[in-house]
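First to last, the sequence lines map onto chains A and B. Okay, so the first sequence: first residue is 603 according to the working numbering, each after it adds one. Okay, so the second sequence: first residue is 4 according to the working numbering, each after it adds one.
If you are wondering where the hints come from, they were derived from the structure by calculation, not from laboratory data. Careful: at least some of the hints might be erroneous.
[What the hints assert, rightly or not] Which bits of chain B does chain A cover? Going by a derived footprint, with three or more residues having C-beta under 8 Å, they are:
# : stretch
1 : 135-143
2 : 147-155
[Stated by the list, open to error] Lysine-lysine pairs mimicking DSS-like chemistry, simulated, CA-CA at most 30 Å apart:
#  : chain 1 : residue 1 : chain 2 : residue 2
3  : A       : Lys-705   : B       : Lys-41
4  : B       : Lys-237   : A       : Lys-705
5  : B       : Lys-249   : A       : Lys-824
6  : A       : Lys-788   : A       : Lys-705
7  : B       : Lys-237   : B       : Lys-41
8  : A       : Lys-611   : A       : Lys-638
9  : A       : Lys-824   : A       : Lys-705
10 : B       : Lys-249   : B       : Lys-41
11 : A       : Lys-611   : B       : Lys-237
12 : A       : Lys-705   : B       : Lys-98
13 : A       : Lys-611   : A       : Lys-788
14 : A       : Lys-611   : A       : Lys-824
15 : A       : Lys-824   : A       : Lys-797
16 : B       : Lys-249   : B       : Lys-237
17 : A       : Lys-788   : A       : Lys-638
For each residue, glycine too, the CB sits at the ideal point set by N, CA and C.
One-letter residues, chain by chain:
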Amino acid sequence: MAEPLLELKGVVLASRGAGQSQDYMVLDRASAIFGKGASSVIMGPSGCGKSTLLKVAAGILLPDSGEVLLEGRPLQRLSEARLLEWRRSTGFMFQDAALWANKTIFENLALPLQFHHPSLPAVEVRRRVRASLERGGLEASEDLRPAQLSMGEAKIASFLRAIILEPELLFLDEPTPSIDHAALEKMMAMIREMKQRGCTIISVTHDAHLASMLANDLVVLKQGRVLAAADLATIRRSRDREVMEILSQVLSDAAAYDTDLLDLLGG
Amino acid sequence: MVGSLAGGYAMIGRLGRSFNQAAGELAYASGLLFAVLKESLLFFRRRQVGFRVFILQILFTAVEALPIIAFISLALGALIIVQGNSILPRFGQGKLLYTLLIIVITRELGPLLTAFIIIARSGTAIATELGNMVISHEIEAYVAVGINPIAYLVVPRFLGVTVSVVLLTLYFNFFGLFGSFLLTQFVQRIPFNEYLVNLLAALAPADILSSLVKSVVFGVIISFVAVYQGFRVKVSSTEVPQIAIKAVGQGFVLCILADAVITLIYYL
Chain A
603 MAEPLLELKG
613 VVLASRGAGQ
623 SQDYMVLDRA
633 SAIFGKGASS
643 VIMGPSGCGK
653 STLLKVAAGI
663 LLPDSGEVLL
673 EGRPLQRLSE
683 ARLLEWRRST
693 GFMFQDAALW
703 ANKTIFENLA
713 LPLQFHHPSL
723 PAVEVRRRVR
733 ASLERGGLEA
743 SEDLRPAQLS
753 MGEAKIASFL
763 RAIILEPELL
773 FLDEPTPSID
783 HAALEKMMAM
793 IREMKQRGCT
803 IISVTHDAHL
813 ASMLANDLVV
823 LKQGRVLAAA
833 DLATIRRSRD
843 REVMEILSQV
853 LSDAAAYDTD
863 LLDLLGG
Chain B
4 MVGSLAGGYA
14 MIGRLGRSFN
24 QAAGELAYAS
34 GLLFAVLKES
44 LLFFRRRQVG
54 FRVFILQILF
64 TAVEALPIIA
74 FISLALGALI
84 IVQGNSILPR
94 FGQGKLLYTL
104 LIIVITRELG
114 PLLTAFIIIA
124 RSGTAIATEL
134 GNMVISHEIE
144 AYVAVGINPI
154 AYLVVPRFLG
164 VTVSVVLLTL
174 YFNFFGLFGS
184 FLLTQFVQRI
194 PFNEYLVNLL
204 AALAPADILS
214 SLVKSVVFGV
224 IISFVAVYQG
234 FRVKVSSTEV
244 PQIAIKAVGQ
254 GFVLCILADA
264 VITLIYYL
């Protein structure tokens, strides 16, 4: 396994929905290591806490207990300057796009640049944002608001916003659903390119194609518990029955329980 | 006997849970207020994109509220002048009109009515906007980019609303005291010189100070309550109208309480 970049140690997170009187456990002593330059895929049935795990790893949500370590140092204890530096080198694509509704698509992409590079001339910001929109096929949508886009377009815009700072660590939360074939190809090409240039990618996905392209490591979740977190070869060797069962459920209905899903993951 | 004991335990349990919840909310509100005040102190020192949000907030809260504030202050001022001029001279207290104008417009209703208008317009707008942003994960998106939501979303609104309430209170005073004078000329003629001299004689620096202190306190209350309620939304869009109503209710109550406290201090 690659040198650890990010590590989750015994992360516990409980949540309470509106109108509920009791907390329920979203993450239950979850631990995982994400290697530098490696691509990790988080898998598990719907509602098992994958997106929450990704957000905790990205420092967006704070755990109730447990730690998130960045290169061995607790994320919560980083100085403001170091945290900002880390944020500058990361990108997060949200499952529901989470574009800023009161800003145009152009402004959605421009804000991270303006915030992290305040001295960047407006012309350069415009050039970079337009280049990014062209790569994603959204050049005609720059003056639109997120509500005027389809879900697929919004997700592409969210992806472009996540990579506008050319991050070294990219978090992807279900990047592929709702996106049409042509746009998906463009997104896949960009993800592949980022992987080739050494970007660490941590992705939640049910998409076998994306998983097979990305996965060096696999994290398998069930009801907030991490069942397995290791490289593919290790998981393949272990042949854990529960892990195989979850992978067969997650990846495809067509995949039979006894099929070697890790071969599928391996391409 | 056993049933009544069990009922008693259940009631104590419920009380305990309510107390815990109230203590938790108070702790959260205190923490949020501390963070907002801390970031507010740093706001003008930092080069940040939030400055545009601050300007926009003043535009939405102050500039767009000018017509309604002008209308209410004119109407209130004119009513006091007409009523006062009709009744007070009968008792030989014609000059009390000016004291009455200062007390009602400058010291009491000016800041309070301005606050009520801003609660209804901007308090609800801020609470619903932030609540919707929580649900659509836009707040998380700011955190992911590295933008502190307190510094970028809350502080510009907090400062924008507070500055706007102060400016609008001054505007209310101006229109209430002078605009209404012009309006009453159609009904009852009062020489402007007489009006101005008597008004200035009745106006003390403490009246202006009281008005300004109230407007600052009301601005802080309105913006903080709106922000606090907005961030209380968790998962559902049905929570948004509920917190908007709470933002209005709490805003009104806290402003009236603060008004009473400041007025008491004024007379001590």
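Right, here's what the structure says about each hint:
Restraint check on the stretch 135-143 of chain B versus chain A: 6 residues with Cβ-Cβ distances below 8 Å, three needed, restraint holds. Under the rule that three or more residues need a Cβ within less than 8 Å of chain A, the assignment of the stretch 147-155 of chain B holds, with 4 such residues. Distance restraint check for A:Lys-705 and B:Lys-41: the Cα-Cα separation of roughly 27 Å lies within the 30 Å cut-off, and the hinted pair is therefore satisfied. Of the supplied pair hints, the one linking B:Lys-237 and A:Lys-705 holds, its CA atoms being roughly 23 Å apart against a limit of 30 Å.
The straight-line distance between the Cα atoms of B:Lys-249 and A:Lys-824 is roughly 39 Å, outside the 30 Å bound, and the hint therefore fails. Annotation: proposed proximity of A:Lys-788 to A:Lys-705 holds, straight-line Cα distance about 24 Å (limit 30 Å). Restraint check: the Cα-Cα separation between B:Lys-237 and B:Lys-41 comes to about 25 Å, which is no more than 30 Å; the hinted pair holds. In summary, the hint linking A:Lys-611 to A:Lys-638 is supported, as the alpha carbons are separated by about 17 Å, within the 30 Å threshold.
At most 30 Å may separate the alpha-carbon atoms for a hinted pair to count; A:Lys-824 and A:Lys-705 exceed this at roughly 37 Å. Under the criterion of a C-alpha separation no larger than 30 Å, the hint pairing B:Lys-249 with B:Lys-41 is consistent with the structure, at around 25 Å. For a cut-off of 30 Å, the pair hint linking A:Lys-611 to B:Lys-237 stands: about 26 Å separates their Cα positions. The straight-line distance between the Cα atoms of A:Lys-705 and B:Lys-98 is roughly 55 Å, outside the 30 Å bound, and the hint therefore fails.
With a CA separation close to 35 Å, the supplied pair A:Lys-611 and A:Lys-788 exceeds the 30 Å bound. A threshold of 30 Å between alpha carbons decides the hint, and for A:Lys-611 with A:Lys-824 the separation of about 17 Å falls inside it, so the pair holds. For a cut-off of 30 Å, the pair hint linking A:Lys-824 to A:Lys-797 stands: about 27 Å separates their Cα positions. Distance restraint check for B:Lys-249 and B:Lys-237: the Cα-Cα separation of roughly 15 Å lies within the 30 Å cut-off, and the hinted pair is therefore satisfied.
Taken as a hint, the A:Lys-788 and A:Lys-638 pair is honoured in the structure, with Cα atoms around 25 Å apart against an allowance of 30 Å.
Checked against the numbered hints given earlier, the structure breaks hints 5, 9, 12, 13 and satisfies all the rest.
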